[in-house]
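Construct all of the structure, not just a fragment, from the sequences and the given hints.
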Amino acid sequence: MTDTVQKTAPVVVNRGTPPATTDFNALKVVHTRHYVRWVFGALVLFVVLQFLWSLATNDRYGWDVVAEYFFAPAILRGLGLTLALTAVAGSIGFLLGTLLALARLSKSPILNSVSWSFIWFFRSVPLLVQVLIWYNLGYLYPQLGLGIPFTDTYFLGFDTITLISQFAAAVLGLSLHQAAYSAEIIRGGILSVDQGQLEAAAALGLPRHTRVLRIILPQAARSILPNAFNEIIGLLKGTSIVSVIALGELFYVAQVIYNRNQQVIPLLLVAVIWYIVLTTVLSIGQFYVERHFARGAERVLPPTPVQKARRWVSEQWARLDETPSVGAGIDAKSESFRL
Amino acid sequence: MSAATQTTGLVEIRGVSKSYSGHEVLRDVNLTVRPGEVVAILGPSGSGKSTLLRTINHLESVDRGWVTVDGALIGYEQRGDRLFELKEKEILKRRTQVGVVFQNFNLFPHLTAAENIAEAPVALKRVSKSDGRELALGLLAKVGLGDKADAYPRQLSGGQQQRVAIARALALAPKVLLFDEPTSALDPELVGEVLDVIRDLATLGTTLVIVTHEIGFAREVADRIVFIDGGQVLEVGTPAQVFGSPKHPRTKEFLGKVL
Chain A
-6 MTDTVQKTAP
4 VVVNRGTPPA
14 TTDFNALKVV
24 HTRHYVRWVF
34 GALVLFVVLQ
44 FLWSLATNDR
54 YGWDVVAEYF
64 FAPAILRGLG
74 LTLALTAVAG
84 SIGFLLGTLL
94 ALARLSKSPI
104 LNSVSWSFIW
114 FFRSVPLLVQ
124 VLIWYNLGYL
134 YPQLGLGIPF
144 TDTYFLGFDT
154 ITLISQFAAA
164 VLGLSLHQAA
174 YSAEIIRGGI
184 LSVDQGQLEA
194 AAALGLPRHT
204 RVLRIILPQA
214 ARSILPNAFN
224 EIIGLLKGTS
234 IVSVIALGEL
244 FYVAQVIYNR
254 NQQVIPLLLV
264 AVIWYIVLTT
274 VLSIGQFYVE
284 RHFARGAERV
294 LPPTPVQKAR
304 RWVSEQWARL
314 DETPSVGAGI
324 DAKSESFRL
Chain B
45 MSAATQTTGL
55 VEIRGVSKSY
65 SGHEVLRDVN
75 LTVRPGEVVA
85 ILGPSGSGKS
95 TLLRTINHLE
105 SVDRGWVTVD
115 GALIGYEQRG
125 DRLFELKEKE
135 ILKRRTQVGV
145 VFQNFNLFPH
155 LTAAENIAEA
165 PVALKRVSKS
175 DGRELALGLL
185 AKVGLGDKAD
195 AYPRQLSGGQ
205 QQRVAIARAL
215 ALAPKVLLFD
225 EPTSALDPEL
235 VGEVLDVIRD
245 LATLGTTLVI
255 VTHEIGFARE
265 VADRIVFIDG
275 GQVLEVGTPA
285 QVFGSPKHPR
295 TKEFLGKVL
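Residue numbers (the working numbering), protein chains in the order written: chain A, -6 to 332; chain B, 45 to 303.
Think of the hints as simulated: they come from the structure by calculation, not from any bench.
Incorrect hints may appear among the rest.
[Said to hold, decoys possible] DSSO-like cross-link-like pairs, simulated, lysine-lysine; straight-line CA separation at most 30 Å:
1. B:186 / A:100
2. B:137 / B:186
3. B:131 / A:100
4. A:100 / B:133
Values in this document were obtained by computation on a predicted structure and should not be read as measured data.
The structure is reproduced here in structure tokens:
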């Protein structure tokens, strides 16, 4: 802060009277009082404190039960399955989504319309219904395998029920659903890349895969990423839907336990806190990934929270041996505008 | 300027016509650019000069007629009495013989200056990654930006960006370089530095085709001036002929407005 203090006096424009010679730097600055802001601030603070107080004192929250089950092996196993489902369905979803987006933008009318139909269909069917259909696929097709097309002759066949387990049904449902949504997000990102970039890449004779992977997708990533993280966080919580086919992910395990011990709220809290923890980790990851892809788009990269904290501490240190002046007041204001 | 010594970089445009949804932008254009020659294309806006430039490296396809570079069609190959449309890979290979410098630079914003230049030679496996960087540093020094290798395009001024774009086009050692209004997006005080770089190139023997509004520059640097209006080549000649005694009334009218 000290190094940004303006040493020169601000320019004063006086009309009619001769120019003032007062040294404004020597005067004390009185900040504007925001009384209404203080009143509303106090009101909000009161509501928040009241809520926190109730969290601490209302024993129906059952924090002891929450603590007891938070690291219970069954809960951790459910958590692991939730993470696995998110990772697998997210990866397949975004990979398939990228292919669908590229197909949708290709010049082939067949690829184009197949991609469009896929997106149309899987955005139309509710995820819950889709998961149930995959789980019951054995009713429609008792056997799956390789054989002579358009006949019932198989060389290699499996019973659908053994092939599509609960996990497989969940992965199929979640990843196809995810693919349809991420395809549109990725397509939007690709469309946002300036046409001139494509021309420049083509004029340089870059092969198609280089153009897509090195030029277009890294630039599209800037508009894809915020939406993509939204989708992944949505998927993480969306995995709770597969509890309908009795797959033991976090939410299902919590349900099983509270059906046994009747501690509904504490066990839902266990699940909620875990979902919050995972979402927090993803949000932090989002900040750093987005920062990475901001290279070149901004002249100076935004500071990381660690850098911000360091700067704040050093500013507070510097402030201790500083006397406020007009220049500093103005500077502090412009600083807060930027934040 | 050194046309006599140069043997590659011959561009032939024969009977090229092109229309966009009924509107004819090029009408039966014929033009030969000799190896090593510097040709400036002038004309009012909307006259088709940029479109003509873009047909040379197949960024724009043509409806009738053909364009060759050193006798080879960019998009097709002749086998017997048939023309086969080339695979994308082959078109890309031929395209690298023709470099383009765009009005809006079109540098890749997520890559540094050096990475922008090295991208194509490395992707096309002409040089290794480390040699690519060496190549880029050499070219940056050539356009007077030796100290900007690790700057991102947005950290450079317009003139500097355009010089990086020229270095990027040079990295593939093209036989022909096309300039599509290279100084039109620049502040007046930045135009000079870009023209200086192009002036240097003009003496090196690469064929240059320049679409420009800088009449003074065209007169100074070009071997021949081509005047286009309404999608037709109306006049071709040395700067002395075209500026000194224009034959076509439309050329006279245009020069009267801009000189």
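Going through the hints against the structure:
1. B:186 / A:100: Roughly 41 Å between the alpha carbons, so the hint for residue 186 (chain B) and residue 100 (chain A) is violated.
2. B:137 / B:186: It holds: about 25 Å lies between the C-alpha atoms, which stays within 30 Å.
3. B:131 / A:100: holds, 15 Å
4. A:100 / B:133: Holds, at roughly 17 Å.
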